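Chains as they are written, first to last, in the UniProt record's numbering: chain A, 1 to 373; chain B, 1 to 341.
These are calculated hints, taken from the structure and not from any lab test.
The structure displayed is predicted, hence computed values, not measured ones.
Ideal Cβ positions, reconstructed from N, Cα and C, are used throughout, including at glycine.
Warning: the hint list may mix true and false statements.
What the simulated footprint calls covered on chain B by chain A, stretch by stretch (three residues with Cβ under 8 Å from a Cβ of chain A suffice, anywhere in the stretch; the number is not a length) [what the hints assert, rightly or not]:
id: 1; region: 199-206
id: 2; region: 229-235
Have a look at the derived ranges for each label pair, beta carbon to beta carbon [what the hints assert, rightly or not]:
id: 3; chain 1: B; residue 1: L26; chain 2: A; residue 2: S99; range: 54 to 62 Å
id: 4; chain 1: B; residue 1: G291; chain 2: A; residue 2: R178; range: 17 to 25 Å
id: 5; chain 1: A; residue 1: P173; chain 2: B; residue 2: R75; range: 37 to 45 Å
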Amino acid sequence: MTELLRTSGDTTVPDTVGHERRGGADVTGVEPLLDVKDLQVTFSPRRKMFRERVELRAVDGVSFQLFPGETVGLVGESGCGKSTTARGLMRLVEPSGGSVTLGGQELLGLPAGKMRKARKDIQMVFQDPYSSLDPSMLVLDSIAEPIDVHLDLDRAQTVERVGELLQRVGLPPEYMYRYPHEFSGGQRQRITIARAIAADPRILVLDEAVSALDVSTQNQVIGLLEDLSRDADLTYLFIAHDLSVVRHISDRVAVMYLGQIVEHGDVDRVFDAPAHPYTEALLSAVPLPSPKLQRSRERIVLAGDPPDPSRVPPGCRFHTRCKYVMDVCRTVVPLPTPTVGSGEVACHLHTSGPQLAGRSVRELATPHAVVAG
Amino acid sequence: MTRTLPVARTAATTTLEVEDLVVEVLTEDGWATVVDGVSFSLGRGETLGIVGESGSGKSVTCLSIAGLMPPRQTRVRAGTLRLLGQDLTALDQRQMSDIRGPKIAMIFQEPMSSLNPAFTVGDQIAEVLRRHEGLSRKESKARAIELLDRVGVPNPARRFGQYPFEFSGGMRQRVMIAIALACTPDIIIADEPTTALDVTVQAQILELLREIQREHGMSVIFITHDLGVVADVCDRVLVMYAGQIVEGAPLDELFEDPQHPYMEGLLAAMPRMDQRTDALVSIPGHPPQVGAFPAGCRFHPRCAYVRPQCTDGAAPPLEQAGPTHTTRCLRHLELTLRGTT
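So that you can see chain A by itself, here it is in the shape it has in the complex (with noise of 0.2 Å):
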């Protein structure tokens, strides 16, 4: 999947979905910042213990681009490889083959000193605050290793630039003398966001950064990144298994299912009109805060849980839980194609698929109709 998430251009089919880049670089031309090709990461854990390892490949074969500006949402359900592949890619976890160029420079096989180097560009934010932060370090102290390792700054001007930090995360600069367990999630989490951005990164991975908030909590940190991403130019990795806030923070969007990207494409074209049958289903799962719209919709229940990662089923992976199966899909791997609109897609209805006028019968499908009420 080596071309898989360059968007806009290598379409021949007209954009239909008419979409517009929100605070994003128009990406035509343009270098990117972050180049993941072909990334594999595996384990290899014991099924038994004393019996011989099994191989699990956990990201396998996973690429995608980052652009100057731009936030790409990376969704899917818990054990599909999001966090690993983003891991992967800080080599917090090392990867097993594939490339990752940032600015240029490969980070894979880099020596541990000058990744430590790279890092300065690309830093990570998690989920939990209450684990991220360590309950023994002043916020003072926490916030200022990163600009202790890449930054070379005297005491009092670290302890400006932290001050500066906690403001611009919305908080006031005395609270660097306080302790971690003084703070409320979210404030907890504006802290970690500002250790993230102190040594002035290019690129945040944020791994469901808003997930254990309160719904009002999380809306003011999306409302904070959003402003940290226009006034500093920051590129945002997103990763979050809600859709909703994916779609509302992201640019563009890539579905992930048992360690493969299977969908990518600009958020309005993946959300409004899906091209893979997993990503449908996905969608269709998410309940609407509507009582009509959510009683009309038509509900796709996957059956299930998601295969065991260590055996994976041959041909598409998705086929045993797939509505449309055909026999085709259970031998031969789908290969991405380009989607109608934008993306691309990894799925044979599109290629070996019922055709009508010369177009595959899916991209007729839209799961979440609008039905007036």
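Mind docking chain B on chain A? Use the hints.
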């Protein structure tokens, strides 16, 4: 404290009646009220949603109904709880544990911490059946396997002998539902049962709960902060804020025609998967801490429609805003609030 009007009954027969429930917890500064005069009734076969942010008292209300609040740090200060005519507040711990299972069952958010990791899943279902139904070891095993099959656990006979860690999150929640279902209770209280699950698994579990409710005609109290889930499963909804019910209405009416600014705020704050929203609205500030509820309307420090009369004195009474619609907003007659369509 003013007595609150009970929310109008929509079902012919009432399973549960809660009247003027007041619950206190012990804090560093003494007893503080967390649930303050909650009254509602639950009809047979009805699904009642309770929504609100964390700390609004929705879980405490339900734990108190089930008699599961820790006895020394909490107390039910006032109120009556009538389950099929029987007053639950008069019962002691032992009598309450006879009620839990056959009459009231609970399903919690985190199935891993509600199941005992040291016993097989089958044992934990069979135990309920032996304790409450007086079944023998053999009978209870057969019945437990039936139940696992009913809630959609594949290979129930083999899964009976496995431990909770061998189950996925969705499968554990199915086990919890099997335990709750074991004695066909009159009421199931589901406290954020799908919050920890993936959306596709959530859809499966909600569908399962719906089917079971249809089969047995049981009543369900569904606690959640997800208004999408509420729209999907509930018949009627109560909105809680700072220990009080601030609004109650049938599902569609509440969403389309909210009568309290807090509910309007909750609806506006939900990012929508099916729509493009330019800026997310959020209710400013935070819910008040227990023991520090503001005077007057408890929502007034965060309310966009606040007037001087909202800011002091006792909390406004719960008023009728329609035949089956109640609100605790003093200004509901003059305000036109925005709902969803």
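Cross-check of the supplied hints:
Here's how the region 199-206 of chain B fares: 7 of its residues keep a CB closer than 8 Å to some CB of chain A, so the rule of at least three is met and the hint holds. Proximity of the region 229-235 of chain B to chain A, defined as three or more residues with a beta carbon under 8 Å from a beta carbon of that chain, is established by the 4 residues found. Between L26 (chain B) and S99 (chain A) the beta carbons are some 59 Å apart, a value that agrees with the proposed interval 54 to 62 Å. For G291 (chain B) and R178 (chain A), the Cβ-Cβ distance of about 22 Å falls inside the hinted range of 17 to 25 Å, so the restraint holds.
The hinted range of 37 to 45 Å is satisfied by P173 (chain A) and R75 (chain B), whose Cβ atoms lie roughly 43 Å apart.
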